[in-house]
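Enquirer: If you want the building blocks of each chain, they are given just below.
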Amino acid sequence: MTHPGPVMARQDKIPARPLPLLRHIQRFGGMLARHGVPVSPGNLIDLCRGLAAVNLGNRTDVHSAARSILVSRREHLEIFDRVFAQFWDSAVFEQNPRSRDSAGTEDAEEGEPQGRKEPRREPDDGSSDAEGENTRAEPECSPYSDVEVVRNKDFAALSAAETRQARKQIVTLVRRFLSYRGRRRVSGKDGTIPDFRRLFRRGSALGLPPEGMRFLKRKPRRPRLVLLCDVSGSMEKYSTFLIQFMCSLRMELTRVEIGVFATRLIMVTKILDRRQISRSVQELAQRATVWGSGTNIGASVREFNDSQLGRNLHHKTIVIILSDGWERGETDLLSEQMRQLRAAAWKVIWLNPLLGHDNYEPICKGMRAALPYIDYFLAAHNVASLEQVGRVIGTAAR
Amino acid sequence: MLDTIEEIQTRFEAGGYIADRSLATSVHLARTLGKPIFLEGEPGVGKTELAKVMAGVLGSELIRLQCYEGLDVHNALYEWNYLRQLLEVRMQEARGVEKGQIGRNIFSDEFLLERPLLRAVRWEGPAPAVLLIDEIDRADEEFEAFLLEVLSDFQITIPEIGTIKSRQTPFVVLTSNRTREVHDALKRRCLYQWIDYPDMEKEWRIICTKVPGIGDQLSFQICRFMELLREEEFYKRPGIAESLDWARALLALGIEELAPDIVADTLSCLLKYKSDQEKLTGERLLKAIAVSRNFKAGLTLAGGSTAI
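The listed protein sequences derive, respectively, from chains A and B. This note's numbering puts the first residue of the first sequence at 1, with every later residue one more than the last. This note's numbering puts the first residue of the second sequence at 1, with every later residue one more than the last.
Hints were generated in silico from the structure; no laboratory data involved. Treat the hints with caution; some may be incorrect.
[Claimed, not checked] A partial selection of chain A residues facing chain B, derived with a Cβ cut-off under 7 Å:
| # | residue |
| --- | --- |
| 1 | Arg49 |
| 2 | Gly50 |
| 3 | Gly57 |
| 4 | Arg59 |
| 5 | Ser64 |
| 6 | Val71 |
| 7 | Ser72 |
| 8 | Glu75 |
| 9 | Phe80 |
| 10 | Phe84 |
| 11 | Ser187 |
| 12 | Gly188 |
| 13 | Arg198 |
| 14 | Ser307 |
| 15 | Arg311 |
| 16 | His314 |
Even glycine gets a Cβ: it sits at the ideal position worked out from N, Cα and C.
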């Protein structure tokens with residue numbers, strides 16, 4: 001890297017004309033981008049300016065300089081180090097033709113680094129404990145035959161048309177309740193704190209023609225909502241409804257993140273970011289190999305904590321877990337992870353479809369382990385119960 | 001001054017801040033490229049301290065903007081002093097100033113309350129000011145967007161006065177504890193630096209610099225103990241700030257080496273959560289102390305051994 005031109009020798013693989021440092025920097029940027037570290041041309045220009053300010057003969061300095069200019073996330077530091085080593089420590093000079101060829105083709109994928117990782121990770125987990133869970137004894141549930149209104153009908157028993165109706169109700173409900181007053185103040189016609197800024201600008205405080213008093217009020221804000229849906233075998237009868245529910249939520253609210261979990265967690269917000277529900281559902285089904293398999297809530301919550309802390313999980317987040325609490329993994333892990341989740345999030349709400357049935361008590365070990373760290377434990381088996389949920393989110397957010 | 005990476009390291013060390021080479025490189029680049037430096041890391045690893053030391057080294061002022069939820073332009077940039085304006089108008093009336101002239105002067109510099117960002121922009125030198133925007137993750141997204149604008153050209157427009165352009169670009173340090181993800185647009189305008197927990201040698205040097213009068217034996221034991229502690233799974237792992245607190249506490253108690261009861265009594269300097277404290281009791285605590293006490297500095301402190 002010190003003397004970009006002459007160092008590379010392999011005449012057979014590289015063009016005869018020595019490539020200047022600039023070319024290498026450009027390719028290095030491309031290589032980083034292909035590995036999921038976004039690099040803008042502006043960054044590369046900065047890098048060129050920056051390299052002029054350090055000793056090019058010192059590998060450590062060049063490395064730290066490039067790192068602080070090109071990387072802007074902690075997660076990318078490790079990738080950067082690896083790519084840097086691979087690229088500048090001779091590898092680049094030997095594999096020159098390849099790296100150049102791939103530069104054009106792979107650029108297209110750049111936009112979706114996550115999408116590329118996901119399919120690769122799936123096979124090893126999803127298949128391992130996919131079976132077995134369904135054979136476990138299902139909790140008894142009494143069929144709801146006496147109620148006919150959609151409001152009180154169990155989600156598992158809803159027809160397609162009823163589902164649509166229920167979905168609409170839920171969305172209106174969630175929107176109505178999902179706002180709270182933030183700390184930022186805006187000007188308004190009533191309130192207790194005079195808005196001097198506005199009054200002076202209008203001149204009314206100076207005895208000029210009055211236009212009415214102005215006050216400062218707290219501005220309503222929307223909390224961030226994270227919905228983690230259990231899609232394991234035991235929740236299967238609710239799953240059709242759940243998907244539709246998630247899709248409609250995603251369409252209506254921009255500040256909602258959605259993940260599904262069984263043995264592991266998959267964040268599906270991006271997939272649901274489409275206008276057509278049926279396509280989303282298809283894509284979801286393709287991606288989510290965990291669908292219908294066993295449950296490991298502890299591991300899934302850990303995955304959420306580890307990957308989303310500071311991003312979608314912060315002090316303004318209301319986390320909603322939708323699960324029946326049948327845990328196959330370690331309950332110690334579950335309670336520890338729930339504790340961490342509780343510490344990081346604003347509120348944790350657990351929705352349990354079984355809670356709506358008269359004879360249900362949270363006695364399964366998973367549910368018992370999680371209970372101490374839940375702010376609200378609510379039923380979610382029909383629209384009426386979700387209205388209750390909406391009210392709770394509303395109060396929680398105040 | 002501060003033209004090379006080595007010089008930055010030396011000057012910082014003289015100022016009581018041990019910067020590793022990669023951090024010093026970032027500081028150097030921040031100065032040459034005129035870009036803000038964005039520091040991320042666990043609490044208590046010396047993010048804020050860097051700005052303070054930088055101000056000391058440059059011999060200029062540290063202008064600090066502490067972020068919080070709801071922080072807005074008027075608390076960060078400028079605000080008019082309404083009370084004074086009001087009084088001025090009343091006084092002019094009392095003095096019998098002509099009606100058309102009343103209140104003509106109230107939007108002038110005299111009635112302007114300078115907030116940190118404006119102060120940084122109006123700073124005239126001779127050395128560049130150090131602007132510390134602390135815990136940017138606590139401010140909301142709206143403020144971040146506004147900051148983006150200020151940091152890109154260091155130019156502020158006040159409608160009543162005009163545009164103020166900075167004569168001398170300040171050295172800007174942003175810090176974040178990662179309670180939320182700061183937007184990429186802002187981060188990418190900065191030089192990014194992740195500050196990790198220090199290795200043992202670095203921590204030892206920091207303790208020796210910051211806690212004068214501490215004995216070698218105790219300081220080695222503290223460093224080793226801290227190293228062991230950070231390998232454990234705690235909810236909140238102790239940072240350098242905690243090590244320093246602890247070292248000062250032990251020094252104040254006149255302790256020369258670690259012993260189980262002393263560590264147990266002073267554990268609250270290190271672990272700030274009850275669940276974490278409960279994790280470190282009994283066997284585990286005794287073992288950690290025993291390992292720390294047996295620690296022979298020269299063997300492991302390869303780099304630092306020459307200094308010992």
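Enquirer: All hints are to be evaluated individually against the structure, with a verdict given for each.
Expert: Hints, one by one, checked against the model:
A hinted interface residue such as Arg49(A) counts as satisfied when its beta carbon comes closer than 7 Å to some beta carbon of chain B; here the least separation is about 6 Å, so the hint holds. Taking 7 Å as the C-beta cut-off, the interface hint given for Gly50(A) holds, the closest approach to chain B being about 5 Å. This hint is violated: Gly57(A) has a C-beta 13 Å from the nearest C-beta of chain B, more than the 7 Å allowed. Hint on Arg59(A) is violated. Least Cβ distance to chain B is approximately 11 Å, over the 7 Å limit.
Against a cut-off of 7 Å between C-beta atoms, the interface hint on Ser64(A) holds, since the closest Cβ of chain B lies about 4 Å away. Annotation: interface hint on Val71(A) holds; nearest CB of chain B at approximately 5 Å, less than 7 Å. For Ser72(A), the interface hint holds, the least distance from its beta-carbon to any beta-carbon of chain B being 4 Å, beneath 7 Å. For Glu75(A), the suggested interface contact is broken, since its CB lies about 10 Å from the closest CB of chain B, more than 7 Å.
The interface hint given for Phe80(A) is broken, as the beta carbon of that residue sits about 10 Å from the closest beta carbon of chain B, more than 7 Å. Here the hint on Phe84(A) is broken, as its CB sits about 12 Å from the closest CB of chain B, past 7 Å. Because the beta carbon of Ser187(A) sits about 12 Å from the nearest beta carbon in chain B, more than 7 Å, this interface hint is broken. Annotation: Gly188(A) was flagged as interfacial toward chain B, and the flag is violated, the nearest CB pair being 15 Å apart, outside 7 Å.
With a cut of 7 Å, the hint placing Arg198(A) at the interface with chain B is violated, because the nearest CB-to-CB distance is about 11 Å. Residue-level restraint check for Ser307(A) is violated (minimum Cβ-Cβ distance to chain B is 12 Å; threshold 7 Å). For Arg311(A), the interface hint holds, the least distance from its beta-carbon to any beta-carbon of chain B being 4 Å, beneath 7 Å. Here the hint on His314(A) is kept, as its CB sits about 4 Å from the closest CB of chain B, short of 7 Å.
Hint violations for this structure: numbers 3, 4, 8, 9, 10, 11, 12, 13, 14, all remaining hints satisfied.
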